[in-house]
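Could you use the hints to bring the two separately framed chains together as a complex?
Spelled out, the chains give:
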Amino acid sequence: MPMVQLLILPLAADYEVRNVRITVVDQDHSTYTRQLVDKISASAYFDLIHYGNSYEEALQFIEEDKAELILNIPPLFEKQLLTENTASLFIAVNAINGVKANLGGVYLRNIISDFNQDIRMDWIQSPGFSPRPIIQISALNWFNPLLNYQYFMVPGILVILVTMVGAFLSALNIVKEKEVGTIEQINVTPIRKHQFILGKLIPFWILGLIVLGIGMVLSWLFYGIVSEGSLGTVFTFAALYLLAVLGLGLLVSTYSQTQQQSMLISFFFMMIFVLLSGLYTAIESMPMWAQIFARFNPVTYFIEVMRMVVLRGSSLFDIRYHILVVTLFAIVLNGWAILNYKKRV
Amino acid sequence: MHKSPIVVDGISKSYPVGKEKVNAVTNISFIVNPGEIFGLIGPDGAGKTSLFRILTTLLIPDNGNAYVEGFNTVNDYHEIRKIVGYMPGRFSLYQDLSVEENLSFFATLFNTSLEENYDLVKDIYNQIEPFKKRRAGKLSGGMKQKLALCCALIHRPHVLFLDEPTTGVDAVSRTEFWTLLRKLQDQSITMMVSTPYMDEASLCDRVALIQNGNILDIDTPKEITNKFENPLWAFRSDQMYKLLLDLQQMDNVIACYPFGQHHHVVLHQDQDVPEILDQLKAKGQTNLKAEPGIVTIEDCFMQQMRK
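Taken in sequence, the protein lines are chains H and E.
FYI, the numbering for the first sequence is 1 to 345, going by the working numbering.
FYI, the numbering for the second sequence is 1 to 307, going by the working numbering.
Chain E with its partners taken away, still in its complex shape (with noise of 0.2 Å):
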C-alpha cells in the first residue's frame, strides 16, 4: 500500500500509428502528496492525457504500475472508480440533459444524490444553479466547466483529475476556475491538473513539467524558477520583430523568444547587457530598453526543451 494518492511508477504507454509505435509516455514515475494540487504543464501532445486516462483506469500501460489510493490501476480499477472524480478534456456531459438531470444522473451513478454532498459543491452550484433548467449543451464554455466540475465532485472524490479544465475558457472564468480549485483543497481533495498555460502552473502546489512522453522536472513553481541558472533579461524596442532577429543571431545569446510586450533574452553567464545593447544601436534598433526578466515556468519550460 502506498500512502500517496497518486503513485505513477514507470509507465509507459504507446499508440501504434500506421505501422510504427508512437511514444505518448515514456517511463514516467512520480508521487503527489495528500491534499495537493499538482500540476502537469506541457504543450499538446506532450502525453498529458493519456497520463489522465492511466490514472482513472481508461487506458491499461504498456509498462509500469500506477496507483490512486493505493489501488493498482489494471486491478482495482472498480475501487478506484468510486474514489476518483475525472473531468476529461472534452465536455462529456449529456447535452441534451438540463444542468440539474445531468447533476442528478451522474449522483445516481455514484448511489449518492446532490442534498447529500451539497456542502462541497455548492460554491460552484451556486454560480449555475440560475441556469439549472437549461440544457447542458447550451451553456457558455465556463459554465459548461462548472457544471463538468460539479458532476465529477457529486461523489465527494478522494482525488480529483482534471484535464485541461481550463482550455478554450475566457480568463475571468479561469480565475474564477481555479479559486473554486483552491477551496477544494481545504476538503483535502487530491488534485492533479493539467493545462497547456504556463501562467496556470504557478497556482498549482508542485508541478511537472511534461513534453513529448517525458517528465522534464518536477519541483514548486517557485523551486523550478529559482533553478534558472542563467542571467534573464527583458528586451524591447520599436521594431520588435527585427530585435528578435537580431538578438537570435547574436553568439552570447543562448536564447531569445518573444514574451508579452518585450523578448526575453536568455544569456551566458557574466555577459555586458550594455555591450549586447550597443551592438543592436549599430543595427539601427531605436528606443532601445533592457530590464531583468522575471523567471516564469514559461522560460524554465524553454531552457528543458532546449537541454
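One chain only, chain H, in its complex shape (with noise of 0.2 Å):
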C-alpha cells in the first residue's frame, strides 16, 4: 500500500503545467497573427481548443471551463505594429485554478516575448543598424540539472510513508491493546514497562526501515533516482528519525483510549506535518509563525536530510545540525510518552 503511494503520488503532485487549454480570439487575420498563433499550438504547454473572431464567443468557453486562457488580438494588430512600431494583446485568466492560469498566463507571455524578438530580428536587416544587443539569462540548476520534478518529489513522500508507518501504525497498535482489553493482561504480567514499549517499537522501527529500504529501491526502478549520497548516511538518519516518530506514535497511544481518538489525533498531526513540512511549499516562503512550526516539525528535518543526501550528495557530517534535532526530538518525545504512560493505570 506505501509502496503504491509512492509510485502514483509523485506524478500527481506534479507542478509542471501541461495542456493549458487557450482560445485565440484573432480579429486581424494577418501574417503576424498566423505566425503567432503557431507558435502558440506548436508548444507542448498549450492546447489550442478554439480559434475564433468574437470575444463573447471565447468567453463562453472560459465560462463552461473548457479553457484556461484567453488572447484577444484586436483588429489592426498588424498594421500597428508596422506603423507604431507598437501594438498590444489581451489577455484574459480563468483563476479558478491558480496554479494552472497563473503558469499558463506566464507560459505565453513567454511565447509572446519571444515572438517579439522573432520580429525584431527581422526588422533588423538594413546594414548601419547594430544589432541590438540581447541579454540572455540562462540558468544552470545544481543538483537537480534537468529540473524533474520527480527527484525532488519523491524523496519527500518517501519521508512521509516512513513517518506513516513509524508514528502512526504503532500509535494504533498500542491503543488497539488498550481497547480490546489486552494491556490488561500483560499489566498483571511481571513484564517491565520498558520491556513491553520496546516490544512494541522494535518491530515498528525495522518496520520502517524495510519501508524505506523498499521504497529506496523502487525511486530507483521507476524514476531512477540514484542516491548521490552514501545510503549508509540515509539509514543511519533514518534510523534515528524513526526513533524521534515512534516517540511521537507512543505519545499519542498514551493520551487516546480508542482507536478512533488516535486515528483523529495522527491525523490531525499528519496533515500539519505534511503541509508544514516543505514537501509542496517551500518553509522559506511560509510566513514566520509557519516557518517556526515548520522548525518543531521532525518531518521537515528528514525531507531535507533526504533531499541534501539523495540529490547533493551531502554526508553525515553535513547534516549534523539535522542529525542533533532528530535527537533531541526522540529523547523529548520518547521521555515524555514513558512518563506518561503508566503501566498502572
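Keep in mind that the hints were calculated from the coordinates and are not lab data.
Here the structure is a predicted model, which is why all the values come from computation and not from measurement.
There may be inaccurate statements among the hints.
Claimed, not checked - Calculated cross-link-like contacts (lysine-lysine; reagent style DSSO-like; alpha-carbon spacing at most 30 Å): (1) E:K138 - H:K178; (2) E:K138 - H:K200; (3) H:K178 - E:K19; (4) E:K21 - H:K178; (5) H:K178 - E:K132; (6) H:K176 - E:K19; (7) E:K82 - H:K200; (8) H:K200 - E:K21; (9) H:K176 - E:K138; (10) H:K193 - E:K82; (11) E:K222 - H:K176.
What follows is the structure, given as C-alpha cells:
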C-alpha cells in the first residue's frame, strides 16, 4: 500500500502545468497573427481548443470551464505593429485553478515576448544598424539539472510514508491493546514497562527501515533516482528519525483510549506535518509563524536530509545539525511518552 | 507480614464522574484464608471489578492497604505480579493468535513453558486442545474462558483472581468451569471469584455480599442462609403477576419477589400463612399453593439490601 502511494503520488504531485487550454480570438487575421498562433499551438504547454473571431464566443469557453486562457488579438494588430512599432494584445486568464492559470499566463507571455524578439530580428536587416545587444539569461540548475520534479518529490514522499509507518501504526497498535483489553492482561504480568514499550516499538522501527529500503529501490527502478550520497547516511539518519516518530506514536497512544481517537489525532498531526514540512511548498516562503512551526516538525528535517543526501550527496557531517535536532526530538518525545505511560492505570 | 493470601484493610476507591466523585469501593476490609474459594457476590456496578483491579495492582486505592501473600499492592506490585493469575471479566487474550500461541506467549512472559506446568493445566488444556490451532477470537464463549483460565494458570500462581469468569457462558460450561476450579483447589491455589449469579455463591467456600461498594456480609454460604431470620414461603397460583401485586400490598408481608416458578415471600415472625391464603383467595386467586421456601443466597442478599 505505501509503495503504491510512492508510485502514484509523485506523478500526481507535479507542478509542471501542461495542456493549458487556450482560445484565440483573432480579429486581425494577418501574417503576424498567423505566426503567433502557430507558435502557440506548436508549444507542448498549450492546447488550442478554439480559434475564432469574437471575444464573447471565447468568453463562453471560459465560463463553461473549457478553457483557461483567452488571447485576444485586436483588429489592425499587424498594421499598428508595422506603422507605430507597437501593438497590444489582451490576455484573459481563468483563475479558478490558480496554479494552472498563473503558470499558463506566464508561459503565454514568454511565447509572446519570444515572438516579439523574432519580429525585431526580422526588422534588423538594414546595414548600418548595429544589432541590438540582447542579454539572455540562462540558468544552470545544480543538483537537479533537468529540474525533474520527481527527483524533488519522491524522496519527500518516501519520508511521509516512513513517518506514517513509524508514528501512526505504532500508535494504533498500542491503543488497540487498550481497546481490546489485552493490555490489562499484560499489565498483571511481571513484564517491565520498558520491556513492553520496546517490544512494541522495535518491530515498527525495523518495519520503517524496511519501508525506506523498499522505497529507495522502487524510486531507483521507476524514477531512476540513485542517491548521490551514501545510503549509510540515509539509513543512519532514518534510524534516529524513526526513534523520534515512534516516540510521537507512543505519546499519541498514551493520550488516547480508542483507535478512533488516535486515528483523529494522528490525522491531525499528519496534515500539519505534511503541509508544514516543505514537501509541497518551500518553507522559506511561508509566513514567519509557519516557519517556526515547521522547525518543530520532525518531518521537515528528514525531508531536508533526504533531499540533501539523495540529490546533493551530503555526508553525515553536513547533516550534523539535523541529526542533533532529531535526536532531541527522540529524547523529548520518548521521555514524555514514557512519563505519561503508566503501566498501572 | 500477613499469613493470609489476601488481606484487604480499609480500602476505598472513587472515580471522578464529571465533577463529582463516585465511590466504587467504600472502606472494605476482609481476609481470604489459604486455599479457599472466596466469592464476591454482587450485582453489576457493586465494585467487584475495582476490588479486583486493586488487588491485581492495576489500580491504586485512595485509602487503605491491600496485601497479596504479604506483599503490599502499591509498593510491592512487582512481586505480586509474579505470583498472581488474573482473568479479567472481559476476554483479553490476543484474538489473532491461536490457542497455542497465546499459551506459549503468556508462558514466555513468566519465564516458563506449557510443559513445565502441564500437570496443573492439563485438565483444562485437554478440553481446548482440539482447537489449539484455532485463533482465540474464533472460539466459543466457554472455550475462551477455559483458554483464559489456562493462560492465567500457566505460571502456577499462588493466588488466582477470576473476575466474572462465567458471565455470558452457557449453563453446561459454567458447571464445567466450577468443576475445574474445585480441582484447582486441590493444588492449594487460593481463588477469589466474582459473579453476579447468586446460584454460584453456594459453590464458594466463603462469600462476601457486596453492594454499592460496601460489604453487606461475609460468611460461608451455609451460615449466610442460616442467618436468614424471617419465615420464607414460596407461593404460586394461576395468575402469577396479580399474585405478586396482591402480596406486595399486604401489611404482614415484608417482601415478595419472583423466584423461579414461585414468588418468594418474606413474612414477619409468627404470621399465619393460611390467613394470608384466605385473603388472597378473596382477591380472586385460584389454584393457590404455598410451601416453606428454601433460603438461598439471593434471599439473603435481598434481605441485606432492605436493611
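Now for the hints, and whether the structure bears them out:
1. E:K138 - H:K178: Roughly 20 Å between the alpha carbons, so the hint for K138 (chain E) and K178 (chain H) holds.
2. E:K138 - H:K200: holds (24 Å)
3. H:K178 - E:K19: Distance ~25 Å between K178 (chain H) and K19 (chain E) Cα, so the pair holds.
4. E:K21 - H:K178: holds (24 Å)
5. H:K178 - E:K132: Holds, at about 25 Å.
6. H:K176 - E:K19: holds (29 Å)
7. E:K82 - H:K200: holds (21 Å)
8. H:K200 - E:K21: violated (35 Å)
9. H:K176 - E:K138: Roughly 18 Å separates the two Cα atoms, so the pair holds.
10. H:K193 - E:K82: Roughly 15 Å separates the two Cα atoms, so the pair holds.
11. E:K222 - H:K176: violated (44 Å)
Hint compliance for this structure: hints 8 and 11 are broken, all remaining hints hold.
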